[in-house]
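Trainee: The chain contents come next:
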Amino acid sequence: MVVVPPVPSSFSGGTEAIALVVLLTEFAMLRAPTARSQIRLYAFQSLAVSALAVFVAATQHIDELYVLAALSFVLKVVVVPGIVLRLLRGTRADLAGSNRFGVATMVLVAIGISVFGFFVVGNLSVHSHSLPAPAFGLATAVILVAFLLVILRSDVVSQAVGFFSLENGVSMASLVIAAGIPLIVEVAFLFDLMVAVVVFGVLMRVHHGRGRTLSTEALDRLRG
Amino acid sequence: MATIELAPAQIQVLQVLTILLFAPLVSGGIAHLEARLQGRRGPRTLQPYYDLAKLFRKETLVPEDASWVFVVGPMVAFMCYLVVPMLIPVLTTFPLPLGYMGDILGGGFILALAGFAVALAAAETGGPYAQLGSSRAMTFGALIEPSILFITFTVALITTTDLPYFEAAAARSSLSQAIRPAHLLVALAFFLVVLNDTGRIPVETHASTLEFGMIDEARTLEHSGPLFALLKWGSAMKQMILYVLLVNVFVAPWGLAGSRSLGAVLLAIVALIGKALAVGAIFTVIDNSFSKLRLFKITEFMAAAFLLAILAVLVLDLGGG
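Protein chains in written order, with this note's numbering: chain A, 8 to 231; chain B, 110 to 430.
Bear in mind the hints are in silico, worked out from the structure with no lab data behind them.
Just so we're clear, the structure is a prediction, and the values are computed from it rather than from any experiment.
Glycine included, every Cβ here is placed at the ideal spot set by N, Cα and C.
Don't take each hint at face value.
Stated by the list, open to error - Distance windows between CB atoms, simulated:
1) B:I395 to A:S17: 30 to 36 Å
2) A:R217 to B:F399: 37 to 43 Å
3) A:R96 to B:F399: 36 to 42 Å
4) B:Y209 to A:V61: 55 to 61 Å
5) A:V206 to B:S285: 20 to 26 Å
Said to hold, decoys possible - Chain B residues, not near chain A, derived (Cβ > 12 Å throughout):
6) W177
7) A221
8) L294
9) A361
10) L375
11) F410
12) M411
13) A421
To be verified - Over 10 Å on every C-beta distance to chain A, these chain B residues come out as not near it, computed from the model:
14) R149
15) A175
16) M195
17) G224
18) A251
19) S283
20) P290
21) A316
22) P335
23) S370
24) G372
25) S398
26) K406
27) A412
28) F415
29) G429
Just chain A, same shape as in the assembly (with noise of 0.2 Å):
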């Protein structure tokens, strides 16, 4: 009498369950009061990111993956994290004046442009046996619900998180897209991180030293 429904391969449920801890903790970055608790959930996130790929790599024998999990957790778990809460020392810690909508608004807007990530890569119409859809729609909604992240709070460290956060968000992808894509592109990706981790510490630094803020709002001031 009872329907037993179908249930994901091991291989999709358990990709899709990383990416949903994914998904949550990048909600979180974007509801997370102070700078410092959003670079602790970036450092969780890629460990996430980092247990995927070893996930992957199990479960499709691919050998490479494990290289490169070892360098993502090194990099984005460790040193990463670790050289954004030095630049921050020292600085006022500001709790979260920076929002420029309320927590429950920017959760609404994010879950709204989620739902148009998932719309659009399931009408994408990719059919593959070992594309895990949900995973790759996880994955999309991650890089938009950063792109909010980067745009919706204005201090400078959530821009520095969300766009780290976006490459997260981006190597998700081409983990359960691709994950037989040589290691040398996925080592670049990582390679843009740190360009841009030197990028970020340089404006963090610098808007700090002139405006004594992380906020954003201060910028205008600068004129002249």
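Given the coordinates of chain A, work out where chain B should sit on it, guided by the hints.
Mentor: Here is chain B on its own, set in the frame of chain A:
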């Protein structure tokens, strides 16, 4: 030894009686545990029964301007709480005759009707805090509604029905069903809904005497005597109904009676009380670990519940979940 078989109708009555009789016990157990966690000795576990007995012996005082709604409201609410246990899997894995009478939305409507009756009775008093409470309860009830809808959609997408029995049966059928992402998301979302609907931290301090922070609690301030007893008993029953839904449909639909034998049903009653107390213990730990959200921040909590529920629908929509 011959096993005694119960008729489905008898089990149906037992479901209602279980909720009716043991809801105060669960409330008392939770209050006791909570006091222990805070380092107090606390009331004894059976205290809610003594409270109810005392209140039923007292006289009823009605505010001068209040009409019959003031008296009827608590009774209607109490009757609603007696109807809901017929619709949900309280004791058995198999649907009972009246189980098909209403789905999750039907149960939700009846619970909402109860909340509406209590709110009307509170608004009728003219007391400012009771009115404030009923206004807030209605507002936040409306705000949590989208999450409940999307939880129902998820259940419908997974089981192609929206009967709570089928969701529980799907989760029971295999481990991969029980840990599929959509099921976990919807269980978590429903957990947050229960947290809101039972008036727990971070939404409401349920044991506070400070009227300004009250939502559900403030509604009963003007009632006294047997009517107040009905309201208190009703809120204990509502809490247990929500725990039953959380445990027997989403989180742990195990330990229910699979047959109609008397022993299995009695065992299911004991297991249910144990599970309800376990859920209560989790809520108590949350109660003691977090602080209450400011009233205007409660929407953030609602947004989180909505996010989880809508993600469950979205991943199912893409053929995953």
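Trainee: Which of the numbered hints are not met once you compare them with the structure shown?
Mentor: 3, 4, 5, 8, 11, 12, 13, 19, 20, 26, 27, 28, 29
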